[in-house]
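Participant: Letter by letter, the chains look like this.
2 protein chains.
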Amino acid sequence: MRIVVDAMGGDFAPHEVVKGSLEAARLYNADIILVGDKRLVEQELPKDYKQQYKNIFVVHADETISMEDIPSNAVRRKKQSSVHIGLKMVKNGEASAFFSAGNTGAIMGASKLILRTLEGVDRPAIGAVLPTAKNPSILLDVGANVDCKPLHYLQFAIMGSAYAKIVMNVEKPQVGLLSIGEEEMKGNELTKTVFHLLKSCRVIDFKGNVEGKDIYKGTADVIVADGFAGNIALKASESAAWYISKLLKEELKRTVISRIGALIAKRAFTRIKKRSDYTEYGGAPLLGVNGVVIIGHGSSNSNAIKNGIKTAYELASKNVNRDIQENISEAYELLKVDKSDSFWNNIKERIRKIKPED
Amino acid sequence: MRIVVDAMGGDFAPHEVVKGSLEAARLYNADIILVGDKRLVEQELPKDYKQQYKNIFVVHADETISMEDIPSNAVRRKKQSSVHIGLKMVKNGEASAFFSAGNTGAIMGASKLILRTLEGVDRPAIGAVLPTAKNPSILLDVGANVDCKPLHYLQFAIMGSAYAKIVMNVEKPQVGLLSIGEEEMKGNELTKTVFHLLKSCRVIDFKGNVEGKDIYKGTADVIVADGFAGNIALKASESAAWYISKLLKEELKRTVISRIGALIAKRAFTRIKKRSDYTEYGGAPLLGVNGVVIIGHGSSNSNAIKNGIKTAYELASKNVNRDIQENISEAYELLKVDKSDSFWNNIKERIRKIKPED
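Line by line, the protein sequences give chains A and B. Number 312 in my numbering belongs to position 312 of the first sequence; there are no gaps in the numbering. Number 127 in my numbering belongs to position 127 of the second sequence; there are no gaps in the numbering.
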């Protein structure tokens, strides 16, 4: 298997990306193709990397998309970027998966342009795999699509369920809708319509609304939201976790006694870090495109890169996209969705007419 | 000063409410009027409470609004509830503030009905005061208004600024808009319009978007959002904090050594709990109504009740509402908002025409 890695993507590229790729090359039975400015990438590699690593390759890219680039412009204008070249290798069957910790919007746009979406999927979604008190949950979308229509949520639900089933090994994934109350009538105008649609479609196992306060309880395997709400839920939690760890450090350092206590319990803190550290969770899948794309956190260190490559490797060895495709077709059949009719314009009325028994 | 407390509000009412009220009665120089089922309330009070506490009074209410009641129904039908009777006492000048840890939607609805909103305020908003790495921030709305129009955000910004200035003693509160990227063009269709409106109105000090990841950094004194996004940000953070403290407990208990370490550092953990515990933050103000209303967390224990009463006491001793009223008038003057014209229908176009220099 061959995994393409965007060597120029992320706040600490190419240094941390190359470092993480070398670790991945040692651990996984896959060829790793680093795409980027050849001179810069090879500076980060050992001089004899070709002898030392039989499975590391470098492919040159003339251009680099920075974190500050406006995604739509970068997608249109920087056609020789490491993102474009890497994705084209996946498109052409030269590689099985693409990983980048770079500009999320640009990776999303270029993936849509080059790989195209799966049939029936309007928009790819970014899924974040969250640790919870039970099994991990996948939350999607976390930022690719800020303004969504009801049918997009259904697509997210199907994509998330496929991922939970095939990658996370959940037999019958339960889907929840991110909202502000458990009851059906709680939520905003949009999510109330979505609730009705998801309840109507037995291709997914819809369990109702999931409140913000229940996210880390693990009450649902898949949590769907538009990219705005999903992103805020994800980032607000990260912020809260950051704040608590800051408090912990401050308070444990405050007195000699607490410093001694912390030193004795050091291993417990290391275990907590490992269980809650995002770098252990290896990147977010971009679901719904015709190929395997994993997006890493912009601030990825080499450990996060290594785990992101691992996720790409695992995802590429399984056929999530076929499952998505089959279930989308089935859902459209059940809901009698014909994309050529005016369904898309009056979905609200149509959905309200669908009975759960249909 | 007289504070009315809804003795029947909250998951642990009336027990914890009465207990917290007694603590508050000992600490603060205020009369506390417990409204609720007199028999049940007096069961929780010491037999000689009238001798022991000169500042505790009980007022009977025939009805109780439960956490499960549908807010709109409860507001219309349970006119003899402790919420209605308590709010009427504020309306009639018999008390300066109302505190309840009960059904949020019902408190909000009844407050709007009985106290009315301040002139120029369309909807009251619930503000949550969050601890941050710098000073506390107030996030609003956190659930009263799920679907908002741009002008509602401006009202929230003005109400939050008044609270930050007068209660939190911030000289010139900086306002941020909760969104999914720092730049002006990031966000959903609604927040992009709101960005433009807030930037145009110099009554507030607008500093731009605040991302989820920055909430606990304390980059803004006031963070505005619609009730959907605000609620999700607040509750997702609570969920993350709950999860981390669960991990902490599990890992610190795992080995004898870590248990010893944790015991030695016990005081540090107590300090952390105090700094991050919501029960220390005493309830959320309902801003924009013609009176002082504080809403407590449903699961409030006596400590949270005591601190909620403290917040009510502090807020009632200051005139936040006058400041809100003045600034709303000034903002409407600057923006030339006339609620009788069609402004409300075509606000998007109008806002786009307003130049920041106006």
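Hints were generated in silico from the structure; no laboratory data involved. Please note that the accuracy of each hint is not assured.
[As the list claims (entries may be wrong)] Listed below are the simulated DMTMM-like cross-link pairs for lysine to aspartate or glutamate, each with C-alpha atoms no more than 25 angstroms apart in a straight line:
#	chain 1	residue 1	chain 2	residue 2
1	B	Lys246	A	Glu250
2	A	Lys149	B	Glu326
3	A	Lys78	B	Glu184
4	B	Lys207	B	Glu326
Participant: Would you mind marking each hint as holding or not holding in the structure?
Facilitator: Verification of the supplied hints:
no.: 1; hint: B:Lys246 with A:Glu250; result: holds (20 angstroms)
no.: 2; hint: A:Lys149 with B:Glu326; result: violated (40 angstroms)
no.: 3; hint: A:Lys78 with B:Glu184; result: holds (23 angstroms)
no.: 4; hint: B:Lys207 with B:Glu326; result: holds (21 angstroms)
The structure does not agree with numbered hint 2 stated previously, though it agrees with all others.
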